[in-house]
Amino acid sequence: MIRRLFVLVLLIIIGYFLGTAMASIPFGAEKVDVGPYRSVGNYYVDNTVQETGGVNAVTSIVVLYRGFDTLGEVTVLFLAATGLAAILALTRERRKLKKEKPSLIMRVGTDYLFPAAIVLGSYVFLHGHLTPGGGFPGGVIIASGFLMLFLAQWRYKVDELGLKIIESLAGMTYVTIGLIGLFKLGTFLGNFLGKGTPGALLSAGIIPVIYIVIGIKVGSEMTGLLQNLRETTENE
Amino acid sequence: MVSPILLIAIPLFMAFSVPIWGLISKKLPKLVPFFTFAITTAILVSLLPTLFSGQQGFNLTSVTIAGIKPPYGINLTFGPASAFFALIIQLVALAASLYLFEYEPPEPAEKFYMLFILVVLGATGMVLTGDIFNMFVFLEITSISSYALTAINKTGHSAEAGFKYLLLGSLGSTLFLLGIALLYGSLRTLNMAQLSLYIHQGHLDPKVLMAVVVLFIVGLGVEAELLPLNGWVPDAYEAAPIPVVSILSGVVAKAGLYALARVLYTIIGIETGVLNLLLIFGILTLLSGELSALRQKDIRRLLAYSSIGQMGLIILALGGGNSPMAMVGGLFQAFNHAIAKGLMFLALGIMAAGFNKWDMESLAGVGKAKPYTTFLFTIGLLSTLGLPLFSGFWSKFLIIFGLVHSGQVVYAALALIGSVIEVVYFARLLGYLYGKDPSEELLNSTLESKKGFALLGMTFLAAFVILIGVYPDFITNFILGGTAELVYKSFYISSILGGI
Amino acid sequence: MNWIIVITLIGLGTVLTILRMAMGPTPADRAVAVDSMTTITTALLVLLGLFMKRYIYLDISLVYAALAFIATLAIARYLEGGV
Amino acid sequence: MLAIIGWIMIYIGAIFLFLGALGIFRFPDVYNRLQAGTKCTTLGAFSTIVGVGLVNPPWLPKTLLIAFFILLTNPISSHALGRASYKSGVKLWEGSVVDKCKDFEECHKKEEEE
Amino acid sequence: MGSRLSKFLYTAIVMFVLWLLLTSTFNSQEVIAGAIISVLVAAFTHERFTRKGLANLHPKRVVCMVLYFFYFFWQMVKANIDVAWRVIHPKMPINPGIVHVKTTMKSDFGKLMVANSITLTPGTLTLEVLGDDMLIHWIDVKATDVETASKMIPGVFEKCLKEFLE
Amino acid sequence: MAPFVLYLSLALAILMIVGAIVVVVTKDLLVAVIASAVVDLVLAILFYILQAPDVAITQAAIGAGLTTAIFVVVLRKTERFEDD
Amino acid sequence: MSEAIKTFFSPSVLGPEIFYGSSVALFLIGLYMVLVKKNLVKIAIGLTFIESGVNLFLISIGYVWGKTAPILNKTLMMGTPSKEVVDPVPQALVLTAIVIGVAVTAMALSIVIVIHDKYGTLNISKIKELKW
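Residue numbers (my numbering), protein chains in the order written: chain A, 2 to 237; chain B, 180 to 679; chain C, 2 to 84; chain D, 91 to 204; chain E, 52 to 217; chain F, 82 to 165; chain G, 745 to 876.
FYI, nobody ran anything at the bench for these hints, they're computed from the structure. C-beta: ideal position from N, C-alpha, C; glycine also. Heads up, a few of these hints could be off.
[Unchecked claim] Cross-link-like lysine-lysine pairs, in silico, BS3-like; alpha carbons within 27 Å at most:
1) B/K386 x B/K206
2) A/K185 x D/K177
3) F/K108 x G/K811
[Stated by the list, open to error] What the simulated footprint calls covered on chain A by chain G, stretch by stretch (three residues with Cβ under 8 Å from a Cβ of chain G suffice, anywhere in the stretch; the number is not a length):
4) 7-18
5) 75-87
6) 106-112
7) 132-141
8) 161-169
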């Protein structure tokens, strides 16, 4: 009880300090501009079409202006999948749980929804530079398609070796794209493809290429992660 | 085309490719970490000549990514401080990867090697990056792979230590992100040089500055083993596999330290009174670590607490930044601590190999059973103590003189007391190692002759310790340049943003 | 005016489902409430997309419509002892 | 013209969505709540979304697609929930008339044995 | 049932239509990308997606399907008004219970359609499907024995669905 | 942002906090997972209202299903009720 | 009176309260769960709440009254887009942060499974091997 009170007091103090700090950042105010483009956001928005050919400023930032972050982000996800597989590797043999079989409606329904989910995911990551979305949500949607099957199909399994190979090939492709930029243009992750007409599917240089790679990678990683998590106990 | 970016790109490529090597042959993944780090070390060494050219004796290059100029794109900074810490990281990682040749990692081995490469990659990225959000991303890479590596033994103990680390670590990095959010909200930029410039010009509200300082210290203090946030350290050091422990103390802690120094010195600036905070945190960490080490029986826990104490000493030295001498000592000490602790942990791993008991009683007399390994361990230990002729001597000397010089006599005296406590417990440890007769079990587990590669790596580290102890000029350039880079903001800003 | 009435109705619906979620005696009740809430929310998102006059916002509702049932499916499978 | 039809559909949809939520709030047990939750919210969302498509005709294909997804996924999820609650032993409301679960299960056991 | 090729083609066509609805444009780049994606997806999922293949696209069946959709929609509206009335009514006139019915549909897809239609229409909700038997929650129970209930609940849809599914 | 959208987001924010409080209070971890799904859902709508469609779609893709499924699987592997 | 209500509910007063307030509240609830709760799964949920709170705060930093999403269409491309759209940078940052949050959650939960395997409980105070 004393601990709880102590924590509450601590929280009130933290909340007060955070509140005062936040209060000095006006909500919804115009982006401050002291010098020429003091706010980097304004620069990105005004130059994304000329410099990258991408219509969606957020994805231009994610893939090109701050592309290194995205490489790191993909690595983090890769790490999570790897670490989870490593930690759960030996827990696999024990405990057998009795499981209820899924019903016919779930099984048939997910059969029909699964290809649709894959197409939807591909749509989301292919149109990353035009509409909201991108590699990560697209990959997660694809993985959600597999998740449906894991949930609603009796003992559904994905080939683990295949997933592993797809995952590492996609990762290597991403780094290779970066290295091609380094050797062709002298900067890592440089945009070595043409910009195209803004708004078309084939535009914005390497953004769609990288998003395809990320989508495939995230999809396979998430699927592997879910499968590993599910298989720590066996059916029946 | 050699560029610092390769220090990050090549390990990343190799880490992704480990499963492919595993398909070709089961033995191949074992070699990947060593070759990766050998390549990166070679790249780093080949970059050094250009680093130390120019009029000031060193220069700071900014490498853009995707060809976008610094305030708008992410850039890597390759100056003396970054290169110095990158060198520390690469050296420790190289020695640890040599150790891996003789080490049977917990199953699945492939994943272990991937995580091992990625933790070093994350630390290198943290050290090289010039963008604060990018630093957060690399911090997360480092810490998430460390969580996994801590818990990888899959015993209850290691899982618990891993969870503890994960809890503190992710809490810390979220707070760091909150600090970045506050900074971005007020200044609308993420580039460190730009942030530094704006804060210097006084565009930041003092309330926000205060909150940001606290959030950054708390956020990075988890990795840098600061006092209230280092609860994970002893448990993690006790539960993780030995090469991982040497990485944790030699690489992860150093990267956290660098991040802390970079953020506080370059971005916030020492004129804002951060230094007093650092002094207090440092001395508390130092004393608590050393005092706790006195009571330990398990050697790993003892070394863990000693490591906390050393980190406290370094932070104390950073807090004496008013006099460059303490700062120089601090950076020097970071180098020594990384090399010596890495060496000690690796040697301890071989001392207890095939035996798996880690308390002083069961390892008593190991000096007679495994003389060479124990000798290497002793070199690290003496260097940590700060005996003359070992590298630790110079750094402790510089720190204490620097503190006295900048008027912090009380802190200098307390640091000396800490060193005395250190002598007490290390002397006791040495007494156990050499003074007693080895048990049967210990004698039977003598596998020293089979550990050739691991001993090679450790010998290499020990040679460094002695070489620098005798001839410190070897890295003086680095340290002086690093100090200058960290302390003189205007140099950093003008090198990255161009003339002002 | 149209907007206010429509959004108020839908918002009240969301509030009611959340109340059921907070009160519901069994986990199944709460899951039912969440399931309906996702459907209501999808409609709300489409409406807001019309209000903001941006075609691109429909993608979000699309993702919701296609995926939201997975959470319900997972909870249901847990309750009946599957997963 | 199309816009007016669209707005009417949006209104109908909003009302149904509200009524569905009210049903979830008022009905006495899980199964009855599911009845309200599934039917009213499905029709409500369908009508609202297609209404939006009619108000702004270029959006029609995508809104139809969203509505189609809702029409497809909602019955599956409510079936799953209903099945889950009866398998996990959620009791029917006291006012219920008949409960054939036991008969059904016995009949099924027999079939499986045969 | 259908051959592999017809299954594959059917899946690819359906996916392509889905893509066209998603992009809602006939831009050549989009169409080509859609074709590639639908072929790829179909190559991996056709076994799962369909059992009859192209036979599903016979014009008569498509017309039946559309007609069924309208019929079903009308039933759905009726169901909603019914439930809405029960919700608004202050006394909540409900008379719920779980009944057991039998369906005459043979194929999995047919069962799915019947079950989903039941779920979305007057006062009924499918709880379980096992073989031919269905367990249904009925908000206003009118008959408790299997035969009568079967006529009253799935019978309505089966008449129409049988035409084009079996 | 029209005023009524502001009121809507106020209501949604309150609902989100209610969901979070349910998570804190309940002893049944399954209920906690369901309520945290609500928090994710509302968060996605708030992102949407704040004109961040990319974030909203990501939050939707993760919050609608993936996280809930992961938590549910973990509950299945461990235990459902919190003990004091 | 109506004047007072109007000023109270006017966008400039109500806005920050809603978004900053809810993000701080979410943050504090998460922190409370992490500090007080003994159950490992609840602690993991608390971590996700903290992350969500920070994400919401970041997004609300980038918002500007009356502006639209940073996805340009033909009309926006004509003029100066930065006058019409909100700040895209926080959105890009939050995308990364969300992914990292998912990774941390997955990692935490996998460790929770191992702990439950070894000790048979999720309650921290019952796990006595290490001090907490």
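Taking the earlier hints as the rules, which of them does this structure contradict? Violated hints (numbers, rising): 1, 2, 3, 6 and 8; every other hint is consistent with the structure.
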